[in-house]
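Visitor: Listed below are the residues making up each chain.
2 protein chains.
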Amino acid sequence: MRLCPYAQRTRIMLAHKKIPYETVNINLKEKPEWFLEKTPLGMVPVLEHDGKIVYESAICNEYLEDIHKQNGVTPTDPYRRARDKMLLEMNSKFTTAYYKALQGLKGEDANSLIEAVHASLVPLEKAIGERGNFYGGDKPSMLDFLLYPHYERIEGIRTGFHADFMPMDKLPKLNAWVSRMQTVPAVKETMFDAHTHIDFYKSYGSGKTDYDIGLQ
Amino acid sequence: MRLCPYAQRTRIMLAHKKIPYETVNINLKEKPEWFLEKTPLGMVPVLEHDGKIVYESAICNEYLEDIHKQNGVTPTDPYRRARDKMLLEMNSKFTTAYYKALQGLKGEDANSLIEAVHASLVPLEKAIGERGNFYGGDKPSMLDFLLYPHYERIEGIRTGFHADFMPMDKLPKLNAWVSRMQTVPAVKETMFDAHTHIDFYKSYGSGKTDYDIGLQ
Numbered sequence: 001m002r003l004c005p006y007a008q009r010t011r012i013m014l015a016h017k018k019i020p021y022e023t024v025n026i027n028l029k030e031k032p033e034w035f036l037e038k039t040p041l042g043m044v045p046v047l048e049h050d051g052k053i054v055y056e057s058a059i060c061n062e063y064l065e066d067i068h069k070q071n072g073v074t075p076t077d078p079y080r081r082a083r084d085k086m087l088l089e090m091n092s093k094f095t096t097a098y099y100k101a102l103q104g105l106k107g108e109d110a111n112s113l114i115e116a117v118h119a120s121l122v123p124l125e126k127a128i129g130e131r132g133n134f135y136g137g138d139k140p141s142m143l144d145f146l147l148y149p150h151y152e153r154i155e156g157i158r159t160g161f162h163a164d165f166m167p168m169d170k171l172p173k174l175n176a177w178v179s180r181m182q183t184v185p186a187v188k189e190t191m192f193d194a195h196t197h198i199d200f201y202k203s204y205g206s207g208k209t210d211y212d213i214g215l216q
Numbered sequence: 001m002r003l004c005p006y007a008q009r010t011r012i013m014l015a016h017k018k019i020p021y022e023t024v025n026i027n028l029k030e031k032p033e034w035f036l037e038k039t040p041l042g043m044v045p046v047l048e049h050d051g052k053i054v055y056e057s058a059i060c061n062e063y064l065e066d067i068h069k070q071n072g073v074t075p076t077d078p079y080r081r082a083r084d085k086m087l088l089e090m091n092s093k094f095t096t097a098y099y100k101a102l103q104g105l106k107g108e109d110a111n112s113l114i115e116a117v118h119a120s121l122v123p124l125e126k127a128i129g130e131r132g133n134f135y136g137g138d139k140p141s142m143l144d145f146l147l148y149p150h151y152e153r154i155e156g157i158r159t160g161f162h163a164d165f166m167p168m169d170k171l172p173k174l175n176a177w178v179s180r181m182q183t184v185p186a187v188k189e190t191m192f193d194a195h196t197h198i199d200f201y202k203s204y205g206s207g208k209t210d211y212d213i214g215l216q
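Protein chains in written order, with the UniProt record's numbering: chain A, 1 to 216; chain B, 1 to 216.
For the record, the hints were derived by calculation from the structure and aren't laboratory data. Take the hints with a grain of salt, since some may be wrong.
Copies of the same chain are indistinguishable here, so a pair counts whether it falls within one copy or spans any two.
Unchecked claim - The calculated lysine-lysine pairs, modelled on DSSO-like cross-linking and capped at a C-alpha distance of 27 Å, are:
| no. | residue 1 | residue 2 |
| --- | --- | --- |
| 1 | K100 | K126 |
| 2 | K29 | K93 |
| 3 | K126 | K52 |
| 4 | K52 | K93 |
| 5 | K188 | K38 |
| 6 | K38 | K173 |
| 7 | K69 | K202 |
| 8 | K139 | K202 |
| 9 | K126 | K38 |
| 10 | K139 | K52 |
| 11 | K38 | K170 |
Take these sequences, add in the hints, and give me the full structure.
Guide: What follows is the structure, given as structure tokens:
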């Protein structure tokens, strides 16, 4: 699946560290047998190298950081590392609210679901306000890479579905951070435009997800 | 809350590293204001040291490992570290099935919920079979400490509710591992017997949870 935000987390990391890799895209509705033999969770991304298998995006990224020391993005201070993991945990409240709202866009509860997304973003807005240009301060860190992919999709939801998950007046710093992230080389290499995301989410909403969108 | 398995993960780590600490037990049904100001998730454990706050059990344990180097329990090999994190992720499927079964013990679906627990444990049984006495091999590692607390409670569920979440004939190696863990000094220091767990789960099932059970 080319447009999976979790796989994108790891594609950004690979691009940032300039590690050559081959991509195999998976149709997540009809998973091939060989894929399920490699990963019991049946989700992407999955890394395979020298017969070693690693899955779960945050674990994949930590593993890449551990085995390829160049262009490190993990904070050296233990407390900052812990804080970053806590923020990632807070962000999982946002991703939960995000998918719930996306699924409920046509329902009666759409407005309250979208407001729940806004509420889930308050701690992230506060943190970026305190930290500067990136969650890593002057430059992007592991946390920036893990957070970014879902936020890339917000512009597509805004223009394609007329639902604003991240209003400029409520969350100005997060909006500025997304724009700034889109100037980072590793992000530029892996990102898709709003139209491609809209096409994917429309196919997702139709019940017949087209997992080939985004493939050349 | 004295009997929280997530808090126990961190109590084991503190005991293993012989770090002196003071415990403040929280009534999780009526959380004090000062507690919610320290942690937005409102869950235990929460560490506080020199004005620094760390929450989420796995993050707390990593932080303790980072700042107190004595008696290290994290594997040095990056792939083993990644594998351990993947196993912890698999274990979260077990804890989900565990709480679901616990809540459904009186319902019609009890048997199928308990069977779902058994199924969720198969990868853990396989892994301990491959690794030896502990998930860390010859001696307990971080993963052993993170996994252990929920398994301690299975004997109480077995004798107190006549529901076997971990049958000896299906999962012999996991059963042996639990017994072996109970000989580890840091575990012995923090564990409770089956009767105390039964008392707690009975109060939990009554709708009026007694968070003081286990306190002297």
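Visitor: Of the numbered hints stated earlier in the document, which are not met by this structure?
Guide: The structure conflicts with hints 5, 7, 8, although it agrees with all the remaining ones.
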